[in-house]
Amino acid sequence: MKERGFRLAVVGDQEFGLGFRLAGIRDIHEVSDPAEAENTIEKILGDRNIGIVVIQQNIFDNLSVSLKREIEERTEPTFVKVGGEMGVEELKEKIRRAIGVDLWK
Amino acid sequence: MAIDVKPTRSELIKLKRRIKLSEKGYELLKMKRDGLIMEFSETLSMARGVLEKLRESYENAEQKISIAKAIDGTIMVRSAALAAKSEPEFELRSKNIMGVVVPVVKRKRVRKKLSEREYGIIGTTARIDEATSAYEELIDAILEAAEIETTLLRLLEEIERTKRRVNALEFKVIPEMKEAKKYIEFALQEMERDNIIRLKKIKAKAEA
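Here the protein sequences line up with chains W and V, keeping their order. Position 49 of the first sequence, counted from 1, bears residue number 49 in the working numbering, the numbering being contiguous throughout. Position 138 of the second sequence, counted from 1, bears residue number 243 in the working numbering, the numbering being contiguous throughout.
Just to be clear, a hint being listed does not mean it is correct.
On the chain V side, residues computed to face chain W include the following (Cβ under 10 Å) [stated by the list, open to error]:
(1) SER127
(2) LEU187
(3) LEU243
(4) LEU258
Don't read these hints as lab results, they were simulated from the structure. Since this is a predicted model, take the numbers as computed values, not measurements. Don't be surprised by glycine CBs; every beta carbon is placed ideally from N, CA and C.
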C-alpha cells in the first residue's frame, strides 16, 4: 500500500459533487450517464494516486456487471458507496462466500 | 493416488519426516484461520457502527446542503464551493494483523476553522457553513468506513486463502503421504518375506 498515494476522488452527479467541493475536495468527477461513469472509473482505476473513491450508490448500481466485479475484487482503491444501502449487501455476500456463514446479523 | 514412490527405506524416512512437518503446518494454519476469523468478527461488529454513522452523516449533509441551496440559491453555494481549495490531508499507515497488512487512515485536519475557509465569512451565510461542516464530517465518516471496509476485505481474502490451504493439507496432501507411507511399509515387509523364503530355500539346497 505504501506505493499507493492517498487521494480521495468523488464520482457522482452534479448535486452529489457540490457538497464535497465545499469541503475542499478537488478530485471530483461529475458524470451524468452510465457510459461516462464507466470511462471515469476506468481512469480512476488506472490512477495509482487515488486511495479512496467515493461513489454515489445509484451510479454504482448502473455500472456494467464486469466493471462492478472489477471494483469488488480489488482492494485498492477502496470504493465507498454513499447513499442508499452503503454497500452492505455486497459485503454480506462476500462474507458468506469466504466464511460460509452470514456473520452480519 | 498413483503411487510413484520407490519402496526403499530412505524414502520411508523422508516421507515420515514430511508427514510430521505437514501436520505441524496444518495445526499452525488452523490456528491462524481461527485467529483471523475472530479478528474478523470483531472488526465486523465495529463496521456496523461505522456504516451506520456514515449513513447518518450523509443524510445530515444532504439535508444541510439542500437547505443552503434552497435559501441561498444554488449559484451562491456553487461559488462558495469553487472558492474552497485546500484539500483535506490524510496520512496512510499500515497495521499488521496476523500477516495481513491493513491500512490505517490518519486524518489530518479535515475539519477547518470557520476563519480558515477560503470563502469569506461575510460573503456567505451560516447555512453554507453548516453544509460545509456537515460534509467535512461526512468525509471523516467516509474515511473511517473506507479503512474498516478495506480491513474487512483483506481479512476475508486471507481467511479464504488460509482455509483453502488448511483443507488442501487436511484432505489431500496429508492423506496422500500417509497412503504412500503405507505402501512403502507394505512393500518393504513383502521384500523381507521374500528374502526369508529365499534363504530357507538356499539353506535346504545346501543341506541336501
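Status of the hints after comparison with the structure:
Here the hint on V:SER127 is broken, as its CB sits about 24 Å from the closest CB of chain W, past 10 Å. About 7 Å separates the beta-carbon of V:LEU187 from the nearest beta-carbon of chain W, less than 10 Å, and the hint is met. Given hint, V:LEU243 at the interface with chain W, holds; its Cβ is 7 Å from that chain's nearest Cβ, closer than 10 Å. The beta carbon of V:LEU258 is positioned within 10 Å of a beta carbon in chain W (closest approach about 5 Å), and the interface hint is therefore held.
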